[in-house]
Amino acid sequence: MLPNFIIIGANKGGTTSLHQYISEHPEIFMSEIKEPMYFSFINISEKKKNENASSRNKGLQEAIYTQEDYENLFKKCESIIARGEASTAYLTNPKVPEKIYKLIPDVKIIAILREPISRAISNYKMYVDWGIEKHSFAKAVNDELKGKRKDKTGGMHYLALGLYADAIERYQQIFPADHIKVYLFEDFVKNTEKVLEDIYLFLGVDPTFKANIETVYNKSEGVMINSVFNKLGFVKKIFPQEIKILLKERYNIYLKKRTKANLHSDDLIAHLKKYYENDIEKLEKLIERDLSHWKSKTAWK
Numbered sequence: 537m538l539p540n541f542i543i544i545g546a547n548k549g550g551t552t553s554l555h556q557y558i559s560e561h562p563e564i565f566m567s568e569i570k571e572p573m574y575f576s577f578i579n580i581s582e583k584k585k586n587e588n589a590s591s592r593n594k595g596l597q598e599a600i601y602t603q604e605d606y607e608n609l610f611k612k613c614e615s616i617i618a619r620g621e622a623s624t625a626y627l628t629n630p631k632v633p634e635k636i637y638k639l640i641p642d643v644k645i646i647a648i649l650r651e652p653i654s655r656a657i658s659n660y661k662m663y664v665d666w667g668i669e670k671h672s673f674a675k676a677v678n679d680e681l682k683g684k685r686k687d688k689t690g691g692m693h694y695l696a697l698g699l700y701a702d703a704i705e706r707y708q709q710i711f712p713a714d715h716i717k718v719y720l721f722e723d724f725v726k727n728t729e730k731v732l733e734d735i736y737l738f739l740g741v742d743p744t745f746k747a748n749i750e751t752v753y754n755k756s757e758g759v760m761i762n763s764v765f766n767k768l769g770f771v772k773k774i775f776p777q778e779i780k781i782l783l784k785e786r787y788n789i790y791l792k793k794r795t796k797a798n799l800h801s802d803d804l805i806a807h808l809k810k811y812y813e814n815d816i817e818k819l820e821k822l823i824e825r826d827l828s829h830w831k832s833k834t835a836w837k
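Residue numbering for the sequence shown follows our numbering, starting at 537 and increasing by one per position.
In case anyone wonders, no lab produced these hints; they're calculated from the structure.
Any given hint could be a false lead.
Unchecked claim - Quick list of simulated restraints, FRET-style, between CB atoms:
no. : residue 1 : residue 2 : range
1   : 642       : 753       : 37 to 43 Å
2   : 631       : 826       : 18 to 24 Å
3   : 537       : 705       : 28 to 34 Å
4   : 585       : 804       : 33 to 39 Å
5   : 591       : 827       : 29 to 35 Å
6   : 584       : 684       : 18 to 24 Å
7   : 586       : 742       : 41 to 47 Å
As the list claims (entries may be wrong) - Mimicking DSS-like on lysine-lysine, the simulated pairs with C-alpha atoms at most 27 Å apart in a straight line are:
no. : residue 1 : residue 2
8   : 684       : 821
9   : 682       : 670
10  : 675       : 717
11  : 717       : 638
12  : 833       : 631
13  : 611       : 730
14  : 583       : 612
15  : 717       : 809
16  : 631       : 670
17  : 809       : 684
18  : 585       : 631
19  : 584       : 730
20  : 746       : 726
21  : 809       : 675
22  : 810       : 635
23  : 631       : 583
24  : 717       : 611
25  : 833       : 821
26  : 726       : 833
27  : 682       : 717
28  : 833       : 730
29  : 730       : 821
30  : 682       : 818
31  : 682       : 809
32  : 833       : 810
33  : 810       : 684
34  : 726       : 818
35  : 684       : 583
36  : 821       : 831
37  : 635       : 726
38  : 821       : 809
39  : 809       : 833
40  : 821       : 717
Using N, Cα and C, we set each Cβ at its ideal position, and we do this for glycine too.
Can you build the whole structure from these sequences, using the hints too?
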């Protein structure tokens with residue numbers, strides 16, 4: 537059994553919340569592993585598999601490598617109308633669209649795209665919270681532009697993941713137009729129920745179903761300190777619940793101050809706007825949406 541729809545990204549574009557919301561629909565089945573990443577890792581080396589297994593990124597630890605294991609993710613849903621998964625690595629990997637089409641030519645594709653500078657900053661904050669990003673945002677993106685963000689940093693590329701135009705075009709060149717839906721992150725945030733209804737219609741399921749949309753998923757705040765509490769069992773015995781909550785709150789305040797101080801300057805933002813300018817203009821034509829609000833944005837958190 538294979539999926540008949542795939543959410544391809546973007547990373548930090550709301551896909552975790554989307555995965556959770558639509559999984560509540562009785563006519564939709566989402567894989568328990570949110571990001572199998574099967575099509576990103578077909579025929580990879582044993583060395584790469586071992587690197588993934590030892591990664592601090594849970595998604596890489598759970599990656600699927602064989603078609604049998606991939607199909608097993610969906611073996612419980614033969615009677616379900618819509619079967620899907622959500623691997624954000626599929627969006628920008630140039631080899632993935634053809635691999636998906638070869639195995640599942642009738643699959644439907646869903647993408648949510650976020651203003652790329654906001655996406656990059658959110659991605660950076662997540663890695664800082666995980667404890668794996670030690671540099672300022674400015675240094676990280678400058679190193680990426682110079683080609684220095686390979687191997688040593690575990691492939692933490694903030695800018696490239698926001699270059700959507702070529703990625704979307706690759707899918708449009710392979711899949712029929714009526715099999716691709718592209719949404720904007722800001723629409724998903726402001727009009728969640730409307731976007732969900734449109735997705736339900738796209739997937740051929742009951743569009744009147746109302747998911748619980750009160751919770752926003754995959755906010756990274758507190759991930760690192762939560763991990764410490766979970767791994768160090770004795771901490772649970774030493775500190776009462778009230779103290780643990782206070783420590784988490786203090787840590788989040790510290791983290792916000794640290795990331796805000798490390799984030800960006802006006803010069804850097806101007807440089808990034810120029811970096812994404814042509815890509816956004818091309819994307820506007822591909823998805824037939826006015827993205828002037830992306831180009832004119834002046835405030836980032």
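Residue 631 and residue 670 were given as a pair; does the straight-line alpha-carbon distance stay at or below 27 Å?
Answer violated: residue 631 to residue 670 is near 31 Å, above 27 Å.
Between residue 717 and residue 809, is the straight-line Cα distance small enough, at 27 Å or below?
This hinted pair holds, its Cα atoms lying about 26 Å apart.
Do the alpha carbons of residue 682 and residue 670 lie within 27 Å of each other, as the hint requires?
holds, 18 Å
33 to 39 Å as the expected CB spacing between residue 804 and residue 585, which holds or is violated:
holds, 37 Å
Compare the distance between the alpha carbons of residue 583 and residue 612 with 27 Å, and conclude whether the hinted pair is satisfied.
violated, 32 Å
If you draw a straight line from the CA of residue 682 to the CA of residue 717, is it 27 Å or shorter?
violated, 34 Å
Given the hinted pair residue 833 and residue 810, is their Cα-Cα distance within 27 Å?
Given pair residue 833, residue 810 holds - Cα atoms ~13 Å apart, limit 27 Å.
27 Å Cα cutoff - pair residue 810, residue 684
Measuring from Cα to Cα gives roughly 21 Å; hence the hint holds.
Verify the proposed pairing of residue 821 with residue 831, using a straight-line Cα cut of 27 Å.
Status holds; Cα separation ~15 Å.
When you take the CB atoms of residue 642 and residue 753, is the distance between them in 37 to 43 Å?
violated, 29 Å
Does residue 730 sit within 27 Å of residue 611, going by the straight-line distance between their CA atoms?
Judged against 27 Å, a Cα distance of about 30 Å means the pair is violated.
Sort out whether residue 809 lies within 27 Å of residue 821, counting only the CA atoms.
Since the Cα atoms of residue 821 and residue 809 sit roughly 18 Å apart, the hinted pair holds (cutoff 27 Å).
The structure fails to meet hints 1, 2, 8, 10, 12, 13, 14, 16, 19, 22, 27 and 37 from the earlier list, while all remaining hints are met.
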